[in-house]
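Q: Let the sequences and hints guide you as you build the complete structure.
Number of protein chains: 2
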Amino acid sequence: MTQLATPLLQQTYELRQAIRSRAHTGPTSGLATGAMQGNIVILPAEWANEFLLYCQKNPIACPLIGVSEVGDFHLPDLGKDIDMRHDLPEYYVYRDGVKVESRADIADLWRDDLVVFVLGCSFSFENALSQAGLTPRNISEDVNVSMYESNIATVPAGRFFGNTVVTMRPYTPKEAIRAIQITTRFPKAHGAPLHFGTPQDIGIHDLDKPDFGDAVSVKDGEVPIFWACGVTPQVAVRNAKPPFCITHAPGKMLVTDMLDMDLAVL
Amino acid sequence: MTQLATPLLQQTYELRQAIRSRAHTGPTSGLATGAMQGNIVILPAEWANEFLLYCQKNPIACPLIGVSEVGDFHLPDLGKDIDMRHDLPEYYVYRDGVKVESRADIADLWRDDLVVFVLGCSFSFENALSQAGLTPRNISEDVNVSMYESNIATVPAGRFFGNTVVTMRPYTPKEAIRAIQITTRFPKAHGAPLHFGTPQDIGIHDLDKPDFGDAVSVKDGEVPIFWACGVTPQVAVRNAKPPFCITHAPGKMLVTDMLDMDLAVL
Numbered sequence: 006m007t008q009l010a011t012p013l014l015q016q017t018y019e020l021r022q023a024i025r026s027r028a029h030t031g032p033t034s035g036l037a038t039g040a041m042q043g044n045i046v047i048l049p050a051e052w053a054n055e056f057l058l059y060c061q062k063n064p065i066a067c068p069l070i071g072v073s074e075v076g077d078f079h080l081p082d083l084g085k086d087i088d089m090r091h092d093l094p095e096y097y098v099y100r101d102g103v104k105v106e107s108r109a110d111i112a113d114l115w116r117d118d119l120v121v122f123v124l125g126c127s128f129s130f131e132n133a134l135s136q137a138g139l140t141p142r143n144i145s146e147d148v149n150v151s152m153y154e155s156n157i158a159t160v161p162a163g164r165f166f167g168n169t170v171v172t173m174r175p176y177t178p179k180e181a182i183r184a185i186q187i188t189t190r191f192p193k194a195h196g197a198p199l200h201f202g203t204p205q206d207i208g209i210h211d212l213d214k215p216d217f218g219d220a221v222s223v224k225d226g227e228v229p230i231f232w233a234c235g236v237t238p239q240v241a242v243r244n245a246k247p248p249f250c251i252t253h254a255p256g257k258m259l260v261t262d263m264l265d266m267d268l269a270v271l
Numbered sequence: 006m007t008q009l010a011t012p013l014l015q016q017t018y019e020l021r022q023a024i025r026s027r028a029h030t031g032p033t034s035g036l037a038t039g040a041m042q043g044n045i046v047i048l049p050a051e052w053a054n055e056f057l058l059y060c061q062k063n064p065i066a067c068p069l070i071g072v073s074e075v076g077d078f079h080l081p082d083l084g085k086d087i088d089m090r091h092d093l094p095e096y097y098v099y100r101d102g103v104k105v106e107s108r109a110d111i112a113d114l115w116r117d118d119l120v121v122f123v124l125g126c127s128f129s130f131e132n133a134l135s136q137a138g139l140t141p142r143n144i145s146e147d148v149n150v151s152m153y154e155s156n157i158a159t160v161p162a163g164r165f166f167g168n169t170v171v172t173m174r175p176y177t178p179k180e181a182i183r184a185i186q187i188t189t190r191f192p193k194a195h196g197a198p199l200h201f202g203t204p205q206d207i208g209i210h211d212l213d214k215p216d217f218g219d220a221v222s223v224k225d226g227e228v229p230i231f232w233a234c235g236v237t238p239q240v241a242v243r244n245a246k247p248p249f250c251i252t253h254a255p256g257k258m259l260v261t262d263m264l265d266m267d268l269a270v271l
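Chains as they are written, first to last, in our numbering: chain A, 6 to 271; chain B, 6 to 271.
Where hints are given, some of them may not hold.
A pair counts as met if it fits within one copy or between any two copies, since identical chains are not told apart.
Subject to a maximum C-alpha distance of 20 Å in a straight line, what follows is the list of computed SDA-like cross-link-like pairs (lysine to any residue) [said to hold, decoys possible]: (1) Lys179 x Ala158; (2) Lys224 x Gly138; (3) Lys214 x Thr11; (4) Lys179 x Val160; (5) Lys214 x Leu58; (6) Lys179 x Lys246; (7) Lys179 x Val228; (8) Lys179 x Gly208; (9) Lys179 x His210; (10) Lys193 x Asp206.
Treat the hints as calculated values from the structure; they're not laboratory data.
A: So, in structure tokens, the structure goes:
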């Protein structure tokens, strides 16, 4: 993967510093434009292989872009100074599959058997959408992207199973066709949408009540478009019930020093 | 462009012979799979430059893939033995923009000032759709594709102007996303759809009453998907009112000896 050029590297560095110092605690969508962001799942090593297999079987929802060494909270392949104990705006802590805590730092929870998984994030194609004049509504309304637990089952692996979490961005049909083309270029950032139109068809009953993130307005003539989301593993963690797991809070991602465009195949 | 391999060349030759002898008079969709088909517009030379410009300004609806020499009814670049006086299952004859006749042969109407324009046709991507398990409904129901005059204006050029004619193929949203990806690969065969969903949004009020071709069934959970169509120039001819013009009858195309896949960019 390609490291950012200096001015953007400065931005990602400063953003991570702001997150580390808790000066920034909100969503990361639309920030450090051009830099790749990642979903995070941290599991004990004895659960790692099973989760790896789950990602392999569900490459659209869970596109792996990085895995740490056991016990290492650095991710040198994704950014030189990344410290996974501090560098997310918000962490979720799961015990036995139950979310027990949300916190700004996990330094005192770190263990030397933990493995960090980094999954591609749809924020990586939001920049490409914006450049095409298709700025996602969550960015123009300055809120967290809308996320919903759909009824689209993932492929189980070991103890991991569950439905796919999806993000939603509204577009007119003409815009949606262009958005499908653009996001198709980013298979490692969830790629093309899974569904458009009637939310009920994929088990979503109220767009105004996302399961994660914020609702956005859907205007007349617009259709909701649904992409797979890297929060999907959190549903699988709820089901697999590993004794210990840490994830990012939805929409509050790891900001890397790598180029968004590295996830584009064309 | 690439010429077909011998077995398929044999098929296109035989199909054109069957058309020439009037043994085949129907639509050409789904026939000689793998061979490129074309929309036809034949105009007097003095109207040719204006029409050329119209095609240039409307590359999605009017993707030019061949132009004859003035007065030449052969198209050596598209097939060695093509004779435009006989090789369409059905011709429309327009005088002063009015369709005055439909006929199986135009030998006795041929003039040495005529220019033949060949435009890419959505049938070229139907094979790719079928191979992806997305057989178009017009093929599975063995009817002519459904065509509608939309309210999507083309860009005028000289005296040529008018709305875009679109073909419609129904798919579920999931299938439609795949179909958008596949047809995006064929920019010279109308490429990605222009619209999906509510037909009224593009001025179509009754899917059961296509302006050209046949209606197809739209099943529960399916959405109509609309692609630009090479019948669009016939609307422009109606408006421009050239004293003389010959076109193919919608759905009854020129079968060439060239490869469909030559229109694919990826």
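Q: Each hint needs a verdict: does it hold in this structure or not?
A: Taking the hints in turn, this is what the structure says about them:
no. : hint            : result
1   : Lys179 x Ala158 : between (29 Å within a copy, 14 Å between copies)
2   : Lys224 x Gly138 : within (17 Å within a copy, 34 Å between copies)
3   : Lys214 x Thr11  : neither (40 Å within a copy, 60 Å between copies)
4   : Lys179 x Val160 : between (32 Å within a copy, 17 Å between copies)
5   : Lys214 x Leu58  : neither (32 Å within a copy, 51 Å between copies)
6   : Lys179 x Lys246 : neither (43 Å within a copy, 31 Å between copies)
7   : Lys179 x Val228 : both (10 Å within a copy, 14 Å between copies)
8   : Lys179 x Gly208 : between (25 Å within a copy, 14 Å between copies)
9   : Lys179 x His210 : between (25 Å within a copy, 19 Å between copies)
10  : Lys193 x Asp206 : neither (25 Å within a copy, 34 Å between copies)
The structure fails to meet hints 3, 5, 6 and 10 from the earlier list, while all remaining hints are met.
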